[in-house]
Amino acid sequence: MAETILFLGHTEAAGELSRITLEALGAAKSLAGERVVGLVGRETLHAAESIGSCGASRFLAVTGEPFSVSRYATDCAAAEAICRAAGATIVIAPHTSRWARSLPGVAQRLGGRADTHITGITSNGSSLQVARWFYRQRMEALLGRAQRPWILLLESGCRAAWQGDTAPVTLENIEVEITPALVRTTVTGKQAPRSELQTIRPDAALLFVAGAGWTKKQKDGAMHVGQAAELISRFLEVSQASLGSSKSLVDLSGEGHAVLPFLSHLNQVGQTGSTPRHPKGLATCCHGEEPHVVGWRFIQERRAVNLDPNCGWARGKADVLYVADAFEVMARVNALLEER
Amino acid sequence: MNIPYQIVVCGGVVPDPLQTLEPIATANGPALKNELLLPHVLDPWSAHALYEAAHLARRSAGSKVWLVSVAPKTKLQQVMMTIGQRVPLELVAIEGPASGFTDAADVAAALAAGIEGIAGLDQSRLLLFGGWESASRAAGATMQMVGERLGIIDQFQGVDELSVADDGALRILERIEGGQHQVSVCSGPPVLLGWATGNLPEPPNHPQIGMQNMRAIMPALQKARTAQISGGARFESVTLPKQQRATRIVKDKPVEEIAREIVTWVTAE
Ligand SMILES: Cc1cc2nc3c(=O)[nH]c(=O)nc-3n(C[C@H](O)[C@H](O)[C@H](O)COP(=O)(O)OP(=O)(O)OC[C@H]3O[C@@H](n4cnc5c(N)ncnc54)[C@H](O)[C@@H]3O)c2cc1C
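In the order they appear, the protein sequences are chains A and B. Here this note's numbering runs 1 ahead of the position in the first sequence, where the first position is 1. Here this note's numbering runs 84 ahead of the position in the second sequence, where the first position is 1.
FYI, nobody ran anything at the bench for these hints, they're computed from the structure. A couple of the hints might just be wrong.
[To be verified] If you only want the chain A side, here are some residues facing chain B, beta carbon under 8 Å, derived:
1. R110
2. G145
3. T200
4. P203
[Claimed, not checked] Here are the simulated SDA-like pairs of lysine to any residue, each with C-alpha atoms no more than 25 Å apart in a straight line:
5. B/K326 x A/S124
6. B/K337 x A/E329
7. A/K191 x B/A253
8. A/K217 x A/E329
9. B/K307 x B/P123
Positions of the beta carbon are idealized from the N, C-alpha and C atoms, including for glycine.
Using the sequences and the hints, build the whole thing.
Following this line, the structure appears as C-alpha cells:
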C-alpha cells in the first residue's frame with residue numbers, strides 16, 4: 002500500500018519547533034511514501050519555512066490564538082482537520098506532553114489507531130514496523146498494524162534531528178471553527194513544583210539519583226538529612242545534573258518528613274515514575290531494585306555508590322558499583338568539581 | 085457551591101511490580117509466562133485516581149465513586165480484597181484480559197460500554213478518572229478513547245492536582261516537560277482526568293468500608309459481561325532486554341580515589 006505520511010508538529014512559545022519535533026521529522030523523512038507536513042500553533046509560517054527544504058509535497062497548518070496553548074479540545078480539532086485534509090495513512094508526531102494528551106483521541110475520531118512511546122521505526126518495502134516497550138520498559142516489542150490511519154508518537158533521542166535549509170513554502174491554512182465547547186478550558190500558565198531550585202533538566206548529560214539511604218541512620222547512629230540536602234544541591238549546582246529519586250525517598254518527602262526540600266514526585270524515576278534519557282546516570286544511596294531500575298532503561302552508562310556490595314546495582318544493573326559511603330564520596334566529588 | 089459529583093474511575097489490574105516478567109508467544113499473540121499465577125495489584129496510576137476520587141467525594145456531599153475495570157474476574161476479586169477496604173465504591177466489572185498486549189481501542193470500547201450502563205449517569209456532574217498510563221501497555225491512549233466515545237472533550241493527562249473553586253470551576257495541574265506543571269481551569273464537568281501520582285498517600289484499610297463494599301462487589305463480579313478484546317497489532321517479536329551488564333564492583337578503595345574516578349567519568353565528553 003502506498004502510504005501518505007503526515008509529519009505533525011506544534012510550535013513552541015516563540016514559534017519555533019523543538020528538538021524532539023525535528024527528530025520526529027527525521028524519522029518521517031526516512032519512510033517511503035508521499036510526505037506532508039502539518040503544523041499547529043499561534044503562528045506557523047516561520048516554523049514551516051524553517052523545514053521548507055524537507056521534501057514535503059504539501060504544508061498544512063491550523064493557526065491562530067486558540068492553538069497557541071496545549072489544550073485537548075482545540076488540539077484534537079486541529080490535528081483531526083489536518084489528518085483529514087492530508088488524507089494521512091501514517092502520522093508521525095513527537096511524543097510531547099501536548100501530542101500525547103490529544104493524538105490518541107484523534108485516532109479514535111478517525112477510526113484509526115495510536116501507538117505511543119515509539120523508540121524505533123523501520124520500514125522494509127511495504128511494511129512498517131515500530132519498536133516500543135511494554136510493562137514499563139521491561140520488554141521490547143516490534144509490531145506492525147494493518148489499520149489506518151496509524152498515529153505514531155516518537156520518543157526523544159531515538160533519531161537524529163532533521164537538519165536542512167530554510168526555504169519558502171506555500172502554506173495551506175485550514176480553518177477550524179472555534180465553538181464555545183472547544184474553549185471551556187483555559188490554560189492559565191505553568192508552574193514548577195518548588196520554584197527556588199530547578200532540579201529536572203531533561204537535556205543534562207548526567208542523571209543523579211538520590212535514594213532513601215540519604216535519610217537513614219548512618220554509621221554514627223544518627224541521621225544527617227540536612228547534610229544530605231546540602232551535598233546533593235551543591236552537586237547539582239556544580240555538575241548541572243538532573244535530579245532523579247527513588248520512590249521511597251519521594252514518599253518520605255510526601256509524608257511530611259523533613260527530607261530534601263527541593264524534591265517532589267516529579268523527580269521519581271522508575272515503574273511509577275519517569276524514564277529519563279541521559280547519556281550517564283549516577284545512583285547514590287539507592288538500592289537498585291527492579292521497579293526503580295526499569296526507569297533507567299535509556300540511561301547508557303550507569304554507576305552507583307552504595308554501602309551494600311549485594312545491592313541491586315551489583316547484579317548486572319550498573320557498569321560500576323562503588324562500595325562506599327556516599328556522604329564521604331560526594332563531599333570529595335563536590336570539592337574536586339569546585340576546584341576545576 | 086457543593087456539587088454532588090459522579091466520579092467514575094477506570095482501572096485495570098497489573099502484575100505486582102516486584103515480580104519477574106517473561107514474555108511468551110501464544111496462538112493469540114504475546115502473553116506473560118504464568119500470567120494468571122502472578123499476584124496482581126490495581127494498576128498504580130489508576131489506584132492514585134481512585135484515592136483522589138474518594139477524597140473528593142468525601143468533601144462534596146452526595147458524591148459517589150464507581151470503579152470500572154476490565155480484568156479477569158478471579159484477579160479482580162483478589163485485588164478487590166484490599167482495594168475494597170480502602171475506599172467506598174461501586175464496582176462495574178467487565179470480564180476481559182489484563183494483558184498489556186491488547187489494543188487500547190478495544191479496551192476503551194469495553195470501558196465506555198460499562199460506563200454507559202451505569203444507571204442515572206449525569207454528564208453535568210461527571211468526572212471521569214483513570215491512570216494516565218497503565219503499567220502494562222503504558223500507552224496513555226485508552227482514557228482519551230473512552231472520553232471520545234462519551235463525548236467528553238475536556239481532557240487532562242498526567243494530573244497531579246485537582247481543586248474546585250467556589251463557582252464550581254475545576255483547576256487542574258498536569259505534568260509537562262522539564263519537571264513542570266501546566267495549570268488549566270475548566271468551567272465544570274464533564275471532564276476526564278488521567279492521573280499521575282497525585283498528592284495522597286495510600287489510604288489505610290478500613291474493615292467497615294470493606295464490609296459495605298463486599299456486599300455489592302461479589303454480585304458485580306458475578307454479573308460481569310465478557311468484552312471482545314483483540315490483539316489488534318501484529319507482533320513481530322517481544323523480547324527481554326539483554327541488559328545484564330558486567331558490573332565492576334569497586335571495594336576497599338580510598339574515598340579520594342573513588343571521587344577522582346567519578347569526577348573523571350562525569351566530566352568526560
Ligand atoms: C507498585 C510499586 C511501584 C513502584 N514504583 C517505583 C518507582 O517508580 N521508582 C522507585 O524508585 N521505586 C518504585 N517502587 C519501590 C521499589 O520497589 C523500592 O522499594 C524503592 O526503589 C527503594 O528505594 P531506595 O533504593 O531509595 O531505598 P532503600 O531500599 O531503603 O535503599 C536504601 C539504600 O541506601 C544505601 N545506603 C544507606 N546509607 C548509605 C550511605 N551512606 N552511602 C551509600 N549507600 C547508602 C543502602 O545500602 C540501601 O541500598 C515501587 C514499588 C511498588 C510496589
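Here is what the structure says about each hint:
1. R110: Holds. Min distance 6 Å.
2. G145: holds, 5 Å
3. T200: This hint holds: A/T200 lies near chain B, its Cβ roughly 7 Å from the closest one there, short of 8 Å.
4. P203: holds, 6 Å
5. B/K326 x A/S124: It holds: about 24 Å lies between the C-alpha atoms, which stays within 25 Å.
6. B/K337 x A/E329: Holds - the C-alpha atoms of A/E329 and B/K337 are around 12 Å apart, at most 25 Å.
7. A/K191 x B/A253: Holds, at roughly 18 Å.
8. A/K217 x A/E329: holds, 15 Å
9. B/K307 x B/P123: holds, 23 Å
Violated hints: none; the structure is consistent with every hint.
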